[in-house]
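Take a look at the letters that make up each chain.
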Amino acid sequence: EPEVTQTPSHQVTQMGQEVILRCVPISNHLYFYWYRQILGQKVEFLVSFYNNEISEKSEIFDDQFSVERPDGSNFTLKIRSTKLEDSAMYFCASSELAGDSTDTQYFGPGTRLTVL
Amino acid sequence: KQEVTQIPAALSVPEGENLVLNCSFTDSAIYNLQWFRQDPGKGLTSLLLIQSSQREQTSGRLNASLDKSSGRSTLYIAASQPGDSATYLCAGLPSGTYKYIFGTGTRLKVLA
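Protein chains in written order, with the numbering used here: chain H, 2 to 117; chain L, 256 to 367.
These aren't lab readings, by the way, just hints derived from the structure by calculation.
Careful, some of the hints might be misleading.
[Claimed, not checked] Below, computed lysine-lysine pairings styled on DSSO-like, alpha-carbon distance capped at 27 angstroms:
#, chain 1, residue 1, chain 2, residue 2
1, L, LYS323, L, LYS256
2, L, LYS256, H, LYS43
3, H, LYS79, L, LYS297
4, L, LYS364, H, LYS58
5, L, LYS256, H, LYS58
Model the full structure from these sequences, guided by the hints.
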């Protein structure tokens, strides 16, 4: 069964460094998403992406964050200058459709980001 | 603003009990709903998906239902086992949006 994959599974970085989290969505999916979960808190939506553009973003997704589909398979989340509060589990998701009654998002296993 | 409440927040039961976990949305207009399992420090494992044309889904000892009129979902776990111990999250996709709204979860502990 097709699945969303994410690399790395765990990333440790120093405050102020740039990090790139990578995701490979399901191959025929057109819509891509990032969510994050700070330890002990809810999973929160960050951004959705379609046709090489951001469709929707939350207030969390500020100028420090960017997303990109650099090639036909990868979808990345970049944090330019990491802060301690960026430490969280980051989940990528993809869907074939969006805003449709049959839309389903499939979630990857997550990347745990630790900022020291 | 759509909010999701999960009740109870935590539950500890002896092995073999049948359980009901509850999830409710402030706005009942939900396209579809997923129940996830999350082990400590780990990712999300999708357990059941209820799409907009469906009312319930079953997988093994798990059954989930969605009452669209009230915006409430229940996850039923039959004959619970210690291996079921985890946090169970519900997430709904409100109509007209791209983003799943997650609940805070129910922490389940099944005692041997």
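Structure-based check of all given hints:
1. Simply put, L:LYS323 and L:LYS256 have alpha-carbon atoms about 18 angstroms apart, close enough for the 27 angstroms limit, and the pair holds.
2. The hinted pair formed by L:LYS256 and H:LYS43 meets the criterion: a straight-line CA distance of about 15 angstroms does not exceed 27 angstroms.
3. Our distance criterion of 27 angstroms between C-alpha atoms is met by H:LYS79 and L:LYS297, whose separation comes to about 22 angstroms.
4. Simply put, L:LYS364 and H:LYS58 have alpha-carbon atoms about 35 angstroms apart, too far for the 27 angstroms limit, and the pair is violated.
5. Only pairs whose Cα atoms come within 27 angstroms are accepted, and L:LYS256 paired with H:LYS58 is accepted, the gap being roughly 15 angstroms.
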